[in-house]
Amino acid sequence: MNPNRLPVRPGEVIDRETSLAFTWNGRPHTGHRGDTIASALAADGVDVFARSMKYKRRRGIMTADHWDPNLFVQVGDEPNVRAGSRRLVAGMEVSAQNVWPNLRFDIGAANQLVGRFLSSGFYYKTFMRPKWLWHHLYQKVLRKFAPGGRIHWETSTHGAYDKRYAHPDVLVAGGGPAGMGAAIAAAEAGASVMLVEHEPDLGGHLRWGDADDLAVLADLAAAVESHPGIEVLVDSTVTGRYDHNWIAVMQRSHEIAPERLIKARAGSLVVAPGLIERPYVFAGNDTPGVMLSGAVRRLINLWAVRPGTRAVVLSANPEGDAAIADLEAAGVEIVAALDARAGEDIVEVEGRGRVGNVVLGDGRTVSADLVVIGTGWTAPTSLLNMAGDRPVYDPTAARYFPNQLPDDVLATGGITGNGTTAELVEHGRATGTLAANRALRNRHDRRSSTARARSPEGPIPESLHDTRASLARTPHPECYRSSSHGMVDFSEDVSSKDLVQASREGFDSIELMKRYTTVTMGPSQGKLETVNAAAVLAETRSMDMVDIGTTVWRPPFAPISLGALAGRIFEPIRRSALQDWHEDHGASPLLAGQWVRPDHYGDPVAEARNVRENVGIIDVTPLGKLDLRGPDVTKLLELVYVNRWQKLDVGRVRYGTMVAEDGVVSDDGVTGRLGEDHYLMTTTSSGAGAIWEMLEDYLQTYRPDWNVHVTAVTGGLTSINVAGPRCRELLLRLVEGVDLSPDAFPYFHVRRGTVAGVPDCIIWRIGFTGELSYEVHVPSGHALHVWESLLANGEDLGIMPFGVESQRILRLEKGHYIVGQDTDGLTKAPSAGLGGLVKLDKPDTLGLPELRAAYARTDLPILVAIQTDDPEVVPMEADQIVDGDSNRILGRITSSRMSPTLGRSVCLGQVDPSLAAAGSKVTILLIDGRRILGTVQEHHAHVDPEGVRQNA
Amino acid sequence: MARHGYKYSAGKLIRHGLTRGDWPRMWRRPEARSSYDVVIIGGGLHGLATAYYLAHNHGMTNIAVVDKGYLGGGGSGRNTAIVRSNYLTPEGVAFYDRSLDLYNSMAQDLNLNVMFSRRGHLTLAHTDSALRTMHWRAEVNKLQGIDSSVIDPQEVKKQAPSLDVSADTRYPILGALFHPPGGIVRHDAVVWGYARAADHLGVHMLQETEVLDILCEGGEGPDGKGAGGRVTGVRTSRGDISAPAVVNCTAGWASLISNMAGVPLPITTHPLQAAVTEPCKVFLPTVVVSGSLHVYVSQTDRGELVFGASVDPVGTYRVNGTLEFTEELAGHVLELMPGISKMRLLRQWSGLCDMTPDYSPVMGTTQVDGYFVDVGWGTYGFKAGPVAGETMAETIATGRDADLIAPFTISRFTEGDLVGEKGAAAVGH
Amino acid sequence: MIVVNCPHCGPRNSSDLRPCGEVTTRPDPATASLSEWRTYLYLRENPAGWVTETWYCRSGCRRYFTIERNTATNETRSSEAS
Amino acid sequence: MPTSIPRGYVRMPDIEFQSPISHGPISTPDGSVSIEDETSTTKVVVRAAAGTAAAADLGVPYGQSRLRADGTLVCGTRPDEWTLFAAAGRAAEVIAPVDTDGFVNAIDITHGRAMMRVSGPKATALLAKVCNIDLADDMTPDGAVFSGSVAKVTCDLLRADRAGEASYLISCERSFGSYLFAALADASTEFGASLPAGLSIH
Ligand SMILES: Cc1cc2nc3c(=O)[nH]c(=O)nc-3n(C[C@H](O)[C@H](O)[C@H](O)COP(=O)(O)OP(=O)(O)OC[C@H]3O[C@@H](n4cnc5c(N)ncnc54)[C@H](O)[C@@H]3O)c2cc1C
Ligand SMILES: NC(=O)c1ccc[n+]([C@@H]2O[C@H](COP(=O)([O-])OP(=O)(O)OC[C@H]3O[C@@H](n4cnc5c(N)ncnc54)[C@H](O)[C@@H]3O)[C@@H](O)[C@H]2O)c1
Ligand SMILES: Cc1cc2nc3c(=O)[nH]c(=O)nc-3n(C[C@H](O)[C@H](O)[C@H](O)COP(=O)(O)O)c2cc1C
Ligand SMILES: [Zn+2]
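Protein chains in written order, with the numbering used here: chain A, 1 to 952; chain B, 1 to 429; chain C, 1 to 82; chain D, 1 to 202.
Honestly, I wouldn't trust all of these hints.
What the hints assert, rightly or not - No farther apart than 20 Å at their CA atoms in a straight line, the calculated lysine-lysine pairs in the PhoX-like style are these:
no., chain 1, residue 1, chain 2, residue 2
1, B, Lys12, A, Lys131
2, B, Lys7, A, Lys125
3, B, Lys12, A, Lys125
4, B, Lys7, A, Lys131
5, A, Lys54, B, Lys281
6, A, Lys144, B, Lys281
7, A, Lys497, A, Lys54
8, A, Lys140, B, Lys7
9, B, Lys158, A, Lys140
10, A, Lys647, A, Lys842
11, B, Lys12, A, Lys497
Said to hold, decoys possible - Quick partial rundown of chain C residues pointing at chain A, CB under 8 Å, derived from the structure:
no., residue
12, Val3
13, Pro11
14, Trp37
As the list claims (entries may be wrong) - Residues from chain C that keep clear of chain A, each with C-beta distances beyond 12 Å, as calculated:
no., residue
15, Ala32
16, Arg44
17, Glu45
18, Pro47
19, Ala48
20, Trp50
21, Val51
22, Glu68
Calculated from the structure, these hints are not laboratory results. Treat the numbers as computed from the prediction; the structure is a model and nothing was measured. In this text, a Cβ means the ideal position worked out from N, Cα and C, and glycines have one as well.
Chain A extracted, bound-state conformation (with noise of 0.2 Å):
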């Protein structure tokens, strides 16, 4: 079985006695539990993982971890797995992806041959003709070239998703020996703590060091997790931070979803990501056994797989050293061992599935399988640069480090300097308990401030001062690229051939290099080829590295899935309590912003047709109502509405619209006077909230010395309409306390009473649908109740329930316009039809003086009815309003359906002014392209223009 597996090495993380069932394209193997992908392969004897984009080269292990742009594998129905860090599940089907017709044998690899061809943007260059041929060929041959795995969305559906919320005083990201030593000093200074680690366990680098190491790691894990002040969160990644320190933390592996979201507020963020090594640049530097000293140490140390047989190592720091030695340890030969900082170099690698001869500096070549590199490091400043910071390049160290940070965010570690594990420990320890301070003491403010808080007690936290020693930056020989040129960007295949030529055309600021080469772009998204890119192009400019700067690091640090984004969706849906109802009795549901209602019942002409025949009842909850009370709800309403509200008295209630401040018609509703200081207002179901919130406005910032209360009870009071001519006869049967009769109960008029057996019902006698009709708003714990009980009395009287779409139908024949329907988005006051309702002597009002303009001005479309002198003929909503045979545009068809009523088809349109007059003659241009002609109506009621039937 696996061949390359090694003795049990000391902190290996695999257990032997776990034997996982996988296949590699369709081929049986097996690994161990704490094996990922890529060590069960390696182990296997597996060396090529995948094929390059662009050129389809064989690609093998690299990094041996998350960054590895080498192995991207399909799993199932999982497109681009990390094989370096995807943990073994028995039964997982892993495939090399993006490979045609397998990944031994790629046709796509014919383009190595024409290579000299395809350099950078070859693209934009070529392809322009003849013309079509872009459109009809090349651009479908492009697009068969584009990487990654397949997406099987017709199978593949939204899962289990979840996120939370998290409030830590301090967030560290990276749980190496100095974030671990940040996490337990600033649990010990007070501070709730919350560590992220990366890999599926504590250490960092710890991990595959030394007896030393584990033994340091050891105690620090130990320490870490007997701390109840710190929430410990392996395999999950800080993905990013965002302004005031809101982060993402993405946690893989929770048993109720495979990756979840964790959005936390964190007062300080330490940041402890160590270092990523990074790739040198030279001929055949991404062939096969061509790996970095992480990796190997990684594979020998962690799984025990031994990565080669035969190793040219070159070094230019102590890990690139420490990987002699674990070479040694594992068995495998050292060829040659070259040290960089000697001027020892690699000039090429020959070989196609593996290493196989090795050119050095020297010009020897030697024959080996597995070339190790130790040559440098790039900073992950990406959280740092999320934060503000611009970190600087220091060239004695060869790396970028932190540069200006904001207080409540810190680092430690590698990423700000070297140091023993003691002094790492140290650092981080000094850095955590500075964050605690900061943290805690924006604890102590955001108690002082936050009115549910208990107010803090006791001394406030002082110390925020950084007294930390730094840590010690080595020198480091400014390693990149040896003589020959090589791969850059191993995700895009970007040459630094590639980076040399976009320079010298005039991309030559890192920014334009990037996306003319698509250098960073790929997944790796610069972790391994920011320094290299940065260092090619100073070469290319002969420019300093420090000025040439980096490419933009953006969330998210390590992507994240759109399910873990996702979550749960929360789609909040608003029910009346009458929509159980509604439901149980056929209705089909209406999705109305938030609101689900009743579309119809079966056959809204029916239900419409009862409505003007015997009586009909709709659910009207939506409509927003807004209870209001004091003794200046008058002056609040003179200013909302453009009509006047000063003689409203006690038990009436009148219609208003309202405007914004330019003029445009912003809703309408009635409102009516209750008690002498109490309405009830009503507004547009889609306004309600935006209404309420305006009220708000002015109430506070315009008019603070109004006494107004309004609270918002559409909710609390369920809305019924009892429509029809017999809907009179219907509530004499159930309402007690209130006089019906005509005269005492006028159209326009609001009384209290008990309907049902309920009281504290508000009965207002309105209607949209243009019949007699009252509006019964009943406390909502009651609603059903009242519902059934018109229902059961009015058996007799022919009572069906309407729906959306008949009361639509209804309102239409009346001739009552919509907001938002029949108006639009520059529909001003006198093109709504308002005329006189409108009152320009206010001395207040909403937009008055836009209104005042408006009504000066002559060329302002109109609303208008409209009736088709083809009866039969219904045009479409929006239907155009054309000049004759033209294409001139003169209006449009706003609201249509046929009547019931009449027996013809009606509408509401815009239209210039020039058609408003009763009588014009209007073309209108129907979807199948005939023009037809219609009439302009003298008033907008289609039906009883007089209201005999609402006024009965």
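On the provided structure of chain A, position chains B, C and D with the ligands as indicated by the hints.
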């Protein structure tokens, strides 16, 4: 095409491949002159297109395009590259349709493949009222000869099979406005194409040069700025440059520049965010936009899904992005395509948008002589870039507002004649 | 998600509030000229720096209040601070 | 003209009160969390300007609560606004004693708000999945009153521990009630609750 440019072709590609010879620079890094006939502030698409058309159509070549960063570093280099012309108002349709024409022949005109992918553009309707507005748009479009129609859910499914068109979702897809000529363009290539062509005609592109002030005389405000005055030049981080004409093409930063001339704008700056996923084999053929869900998505030729949304509610000049953008985005995309939950978001970014109250630009002459604006491009200025450049060039060369931009001049805010694109353009792609 | 300090509730996520933009002064509609009115309606300073703006504590105390925010950095401070 | 102070709905009928929540309590087998419907609780909102006798009588500042001797729970739900909770059907008794001198209004909102209670050792963890407010003991102690978004619905919340165990009363606009209950129930599955048939957040 440019007068003395180096011409790209398949033949050249082969020749360079064989000889491994260097390609010539696309544009130079010139030394600034002390005066130009026109100084254009902003080296984005609009500034560069204006410069190109001034030089190409009007023979004015003593022009500088000044940018504080790199070419295309503003909205032009970070937009989701959607182009279309199915606007709601006749004036909008006419304007954007001209732009689409220019895009259509751009690769040949500029001799750079901008990879215009006319893949079709779908705007989904989830409500009756959205369907009605779409029908409205389709009818207006048809009257102006634009290919645009409302299609039913089955047809939607044909155009974009990964969409869930079943009726029982929270936001059922009731239909869509389908606009076959719409699509996406390689946004960077458009910037580079104009830059290269303008450079060949002699235009100076001054990168990493920040405008700190606009120099004026005779105006009613302090330092001779404001109404009634005239422009004399600009002060930059690399010294003063005199010019009788200064053009503001700075999009998200437009207010800052305009305030320097004493011309306040009806603009607030809001970030607009976007994101890409890791690449994945191509499965989404069209551009899909959902106004109700505030999201739009297309798949590039490289296999990434590119997402956008509506502008952030909190106005700011900070472009570091927010987490809630990606959360909302993912939630909404998955409502439309539940099958892609395993795709991973690779990068999010943000750019500044100069939002006007009526979702339409502010263009043309101003109350300060020689100071021109081409701003207010909000979330839709990429598709307008070519026509804006063409019409602004005409306006600057003639001193009169070009016909196509008459509805968009700043005077509409004093006259109260706003443009009616707001409803249709709220998620303006 | 920035934090906005509501003077009543304390620090809250901005998603709990609604930003209402630069503080403007509503001219007296009875006397304002159209041009004054439209300046109020449309023109904004839109600075990159400190601006006094109104927020509405929508999910909290339902109060409108003003704060100062630096639009270049999103730092905030109470509007009395300056 | 005399200013009458509206009294709200004074008489409760004998008709059964209907809650928008049609499911019984949800709990985990280990008792770590439970969710109960308490919509029938009497809820009265009192709006009283600072300096009025009513404000002084109510006696708790915004953000805090107290249990009155008569069993009414008085919560400072907003500046100048209190919400009073009492046993079902007691609106009239709660409203009657409110001192109406000055600009004061007392309104029965029992029918307008759905209310549920989440309690148990995992109650805080459950709420932290759907509410962005810091629920640590010092930021949100027992008795704390606050408003915030819960699963995207604006709610008034009160931390009212029971027998030393964390417990929260959550009230929202009535029409959101069934959705909110479902959202909380859905969140509780992580702690072991199983959902009754027909309960879904969509
Ligand atoms: C995320 C996102 C997605 C978008 N998607 C689309 C889309 O799909 N379709 C579409 O049509 N539109 C889209 N847009 C809008 C579009 O990108 C912009 O409207 C358009 O790019 C504006 O181009 P511009 O040339 O006017 O400005 P920009 O490209 O922003 O250029 C302005 C330039 O001015 C420079 N500048 C600013 N201040 C100064 C100064 N003081 N001195 C010197 N230079 C200065 C800046 O550096 C910048 O380069 C999107 C925008 C964003 C942010
Ligand atoms: N021997 C090696 O291979 C090696 C590797 C790296 C660093 N070092 C040395 O060790 C020192 C670094 O110690 P340290 O404690 O700073 O780092 P470390 O490398 O020991 O630990 C950092 C830990 O942070 C985790 N991490 C990184 N980004 C993260 C994120 N966004 N979210 C969650 N976790 C994240 C990593 O997985 C890692 O375990 C440096 O001086 C360096 O020279 C050695
Ligand atoms: C259409 C489009 C596609 C993009 N695709 C990628 C991509 O595949 N990989 C990537 O890293 N960035 C991609 N980007 C984003 C850029 O890297 C970058 O974030 C954006 O241009 C903004 O610049 P900034 O992040 O430097 O501020 C894309 C941007 C656009 C507009
Ligand atoms: Zn508040």
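Status of the hints after comparison with the structure:
1. Lys12(B) - Lys131(A): The hint holds at about 18 Å.
2. Lys7(B) - Lys125(A): 9 Å, holds
3. Lys12(B) - Lys125(A): 9 Å, holds
4. Lys7(B) - Lys131(A): At roughly 16 Å apart (the allowed maximum being 20 Å), Lys131(A) and Lys7(B) satisfy the hint.
5. Lys54(A) - Lys281(B): With Cα atoms ~14 Å apart, Lys54(A) and Lys281(B) stay inside 20 Å; holds.
6. Lys144(A) - Lys281(B): 8 Å, holds
7. Lys497(A) - Lys54(A): 15 Å, holds
8. Lys140(A) - Lys7(B): 25 Å, violated
9. Lys158(B) - Lys140(A): At roughly 18 Å apart (the allowed maximum being 20 Å), Lys140(A) and Lys158(B) satisfy the hint.
10. Lys647(A) - Lys842(A): Within the cut-off at roughly 14 Å; holds.
11. Lys12(B) - Lys497(A): Roughly 18 Å between the alpha carbons, so the hint for Lys12(B) and Lys497(A) holds.
12. Val3: Result: holds, 4 Å to nearest chain A Cβ.
13. Pro11: Cβ of Pro11(C) sits 6 Å from chain A, so the hint holds.
14. Trp37: Hint on Trp37(C): holds, closest Cβ of chain A at ~4 Å, below 8 Å.
15. Ala32: Incorrect as stated: the minimum Cβ-Cβ distance to chain A is 6 Å, not above 12 Å.
16. Arg44: 14 Å, holds
17. Glu45: Holds, since 18 Å exceeds 12 Å.
18. Pro47: 19 Å, holds
19. Ala48: 15 Å, holds
20. Trp50: 16 Å, holds
21. Val51: At about 16 Å from chain A, Val51(C) clears the 12 Å cut-off, so the statement holds.
22. Glu68: Holds, since 15 Å exceeds 12 Å.
The earlier numbered hints that this structure contradicts are 8, 15.
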